[in-house]
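Undergrad: Sequence:
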Amino acid sequence: MRAQTSQKMIIINYNLKTDFESDILNAKSVLLKKNVTCVAIHGKEEIESSKSGIKPLLSWIDGSRNLNGASIADRVIGRAAAWLDVLLDPISVYSPVVSVDAVSILMSHNIILYCDKIVPMILNRLNTAPCPLDACLKDINNSMRALSIIRSKIG
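Final position of the sequence shown in our numbering is 159; the numbers increase by one with none missing.
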């Protein structure tokens, strides 16, 4: 694992790709300054969403958005969001909070990760148990299988 720390931000897989840094920093800025839950930036194109959870990522997949090479900033990245990110194929992602399993998924697909904190697991909205979607994906190692499970769980 190649990691670098910058201004209290953890960066993983930093040297794998280039020419992305302004997009990911812009995406992070939009996420933290606006009332959005997820943002994707690719050059001059910017897509924002205020939908909760993984709904922005799912809507981008369903809308056949080409985010190959984009930078995505998301409020929280657990297993479910990481697998959806893999399907969207961004060059980099940022989140204030990322689970250990999400780090592994993103690293194995050569997606550069910027985050502020890595946690053992993402919790449910009440912070009383593991995120139910992430729990369903515990032993999954394929993005299409993960998508199928996610769709079956959220309808």
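Source of the hints: derived by calculation from the structure; they are not laboratory data. Where hints are given, some of them may not hold.
As the list claims (entries may be wrong) - Simulated pairs of lysine-lysine, DSS-like, Cα-Cα distance not exceeding 30 Å:
#: 1; residue 1: K37; residue 2: K48
#: 2; residue 1: K121; residue 2: K59
#: 3; residue 1: K59; residue 2: K48
#: 4; residue 1: K142; residue 2: K55
#: 5; residue 1: K38; residue 2: K48
#: 6; residue 1: K55; residue 2: K38
#: 7; residue 1: K142; residue 2: K59
#: 8; residue 1: K121; residue 2: K37
#: 9; residue 1: K59; residue 2: K37
#: 10; residue 1: K142; residue 2: K121
#: 11; residue 1: K59; residue 2: K157
#: 12; residue 1: K38; residue 2: K59
#: 13; residue 1: K48; residue 2: K142
#: 14; residue 1: K157; residue 2: K48
#: 15; residue 1: K157; residue 2: K55
Said to hold, decoys possible - Quick list of the computed label-pair ranges, beta carbon to beta carbon:
#: 16; residue 1: G73; residue 2: L130; range: 33 to 43 Å
#: 17; residue 1: K59; residue 2: H113; range: 13 to 23 Å
#: 18; residue 1: R155; residue 2: R79; range: 37 to 47 Å
#: 19; residue 1: N30; residue 2: N70; range: 27 to 37 Å
#: 20; residue 1: S56; residue 2: K142; range: 17 to 27 Å
#: 21; residue 1: K55; residue 2: I153; range: 27 to 37 Å
#: 22; residue 1: E49; residue 2: A133; range: 29 to 39 Å
#: 23; residue 1: L91; residue 2: K142; range: 25 to 35 Å
#: 24; residue 1: K48; residue 2: V104; range: 11 to 21 Å
#: 25; residue 1: T132; residue 2: E25; range: 33 to 43 Å
#: 26; residue 1: N131; residue 2: K59; range: 19 to 29 Å
#: 27; residue 1: A133; residue 2: S26; range: 34 to 44 Å
#: 28; residue 1: R129; residue 2: G67; range: 19 to 29 Å
Using N, Cα and C, we set each Cβ at its ideal position, and we do this for glycine too.
Undergrad: For every hint, state whether the structure bears it out.
TA: Against the structure, the hints come out as follows:
1. K37 to K48: The hint holds at about 18 Å.
2. K121 to K59: Cα-Cα ~22 Å, so holds.
3. K59 to K48: Holds. K59 to K48 sits at ~23 Å (cutoff 30 Å).
4. K142 to K55: holds (24 Å)
5. K38 to K48: holds (18 Å)
6. K55 to K38: holds (13 Å)
7. K142 to K59: The hint holds at about 20 Å.
8. K121 to K37: holds (19 Å)
9. K59 to K37: holds (20 Å)
10. K142 to K121: Holds, at about 21 Å.
11. K59 to K157: holds (13 Å)
12. K38 to K59: Roughly 18 Å between the alpha carbons, so the hint for K38 and K59 holds.
13. K48 to K142: violated (36 Å)
14. K157 to K48: Since the Cα atoms of K157 and K48 sit roughly 35 Å apart, the hinted pair is violated (cutoff 30 Å).
15. K157 to K55: Distance ~17 Å between K157 and K55 Cα, so the pair holds.
16. G73 to L130: 33 to 43 Å: holds (37 Å)
17. K59 to H113: 13 to 23 Å: holds (22 Å)
18. R155 to R79: 37 to 47 Å: violated (21 Å)
19. N30 to N70: 27 to 37 Å: violated (18 Å)
20. S56 to K142: 17 to 27 Å: Check passed, 22 Å falls within 17 to 27 Å.
21. K55 to I153: 27 to 37 Å: violated (20 Å)
22. E49 to A133: 29 to 39 Å: holds (38 Å)
23. L91 to K142: 25 to 35 Å: violated (19 Å)
24. K48 to V104: 11 to 21 Å: violated (35 Å)
25. T132 to E25: 33 to 43 Å: holds (38 Å)
26. N131 to K59: 19 to 29 Å: About 20 Å separates the Cβ atoms of N131 and K59, which means 19 to 29 Å holds.
27. A133 to S26: 34 to 44 Å: holds (39 Å)
28. R129 to G67: 19 to 29 Å: holds (25 Å)
Hint compliance for this structure: hints 13, 14, 18, 19, 21, 23, 24 are not met, and every other hint is.
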